[in-house]
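*Asks:* Okay, here's what each chain looks like letter by letter:
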Amino acid sequence: MTIDLVLFLGLTLIAVAAAIAMIVSRNAIYSALFLVLNFLTVATLYLLLNAAFIAIVQITVYAGAIMVLFLFVIMLLGTERESIGGGIRWQMPVAIVLGLGLAGELAYILMRNDIAQGPLADLSAEFGSPASIGRVLFSEYIVPFEVTSILLLVAMIGAIVITRMQRRENK
Amino acid sequence: MNIPPAYVLTLSGILFALGIIGVLIRRNAIVIFMSIELMLNSANLALIASARMFGPAVEALRGHVFVFFVIAVAAAEVAVGLALIVAIFRSKESIDVDEVSSLRG
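If you read the protein sequences in the order shown, they are chains Z and F.
Counting in the working numbering, the first sequence runs from -13 upward without gaps.
Counting in the working numbering, the second sequence runs from 393 upward without gaps.
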């Protein structure tokens, strides 16, 4: 058992445990914090997979900006506690059985994947660095990149319009 | 890290299934939303593992670029989605998805 495998299994354990804790914890704030832990663990995996730039983007955008927005909304609405009971009675056991079935099948298929068995080629430090990503992004993918800026602008306007419209109706 | 990419792909599959379970069993709209983020994140992990697998070829960097776009779209999605949740809370005083059944007729 190599040190890489030990490292990977430890990170896997933390990621899966954080995901399960996110799903089962009754308080939405704890769910959000467990999701942050999961994102940080995945960012560490990105670093181990030679994706330095994506790892930093993951931490700043996902674990930073997006999760702060989630926590802000949870605390703004004051709905961290969930009412227990009600709903459809058989929904939870059926969902858990089907979900675990899907997890098992995905794991079985992906583990037996022939082309993904390695061994991996050695990569230079250049692979996945901000400079190399930027070269691809601003030459081959320049149009999608610009469209992304329009998408973010539209999302910003949309968020403002949705919240403002509601306020006008209340008056 | 020199472990078979199949292991990383398996981890991403398990995280994806956990996200689906979260969407199905929770009724708090914000937690459902967070489970969707978990699924997006697991797809990103699979893309990065594939980029590592097809190794030093510069075309493999397209996997990283794709993850970059997924993160940008997820940020836009969160902004609009949370605005919708706030709007629903203002009219219903609750974000329990079972309460949002006005369209049932």
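Check the hints yourself; a few may be wrong.
As the list claims (entries may be wrong) - Chain Z is nowhere near these chain F residues, computed Cβ spacing over 12 Å in every case:
1. R444
2. S494
3. L495
Unchecked claim - Example chain Z residues on the side facing chain F (calculated, C-beta under 10 Å, incomplete):
4. A14
5. Q44
6. S110
These aren't lab readings, by the way, just hints derived from the structure by calculation.
Don't be surprised by glycine CBs; every beta carbon is placed ideally from N, CA and C.
*Asks:* Each hint: holds or not?
*Replies:* Status of the hints after comparison with the structure:
The beta carbon of F/R444 sits about 4 Å from the closest Cβ of chain Z, which is not more than 12 Å, so the claim that it is off the interface is violated. F/S494, annotated as away from the interface, keeps every beta carbon of chain Z farther than 12 Å; the closest lies near 15 Å. Against the 12 Å criterion, F/L495 stays outside the reach of chain Z, whose nearest CB is about 18 Å from its own CB. Interface hint status for Z/A14: upheld, as the beta-carbon distance to the closest one in chain F is roughly 5 Å, under 10 Å.
For Z/Q44, the interface hint holds, since its Cβ comes within 10 Å of a Cβ in chain F; the closest pair sits about 7 Å apart. Taking 10 Å as the C-beta cut-off, the interface hint given for Z/S110 holds, the closest approach to chain F being about 7 Å.
When held up to the earlier numbered hints, the structure conflicts with hint 1 and nothing else.
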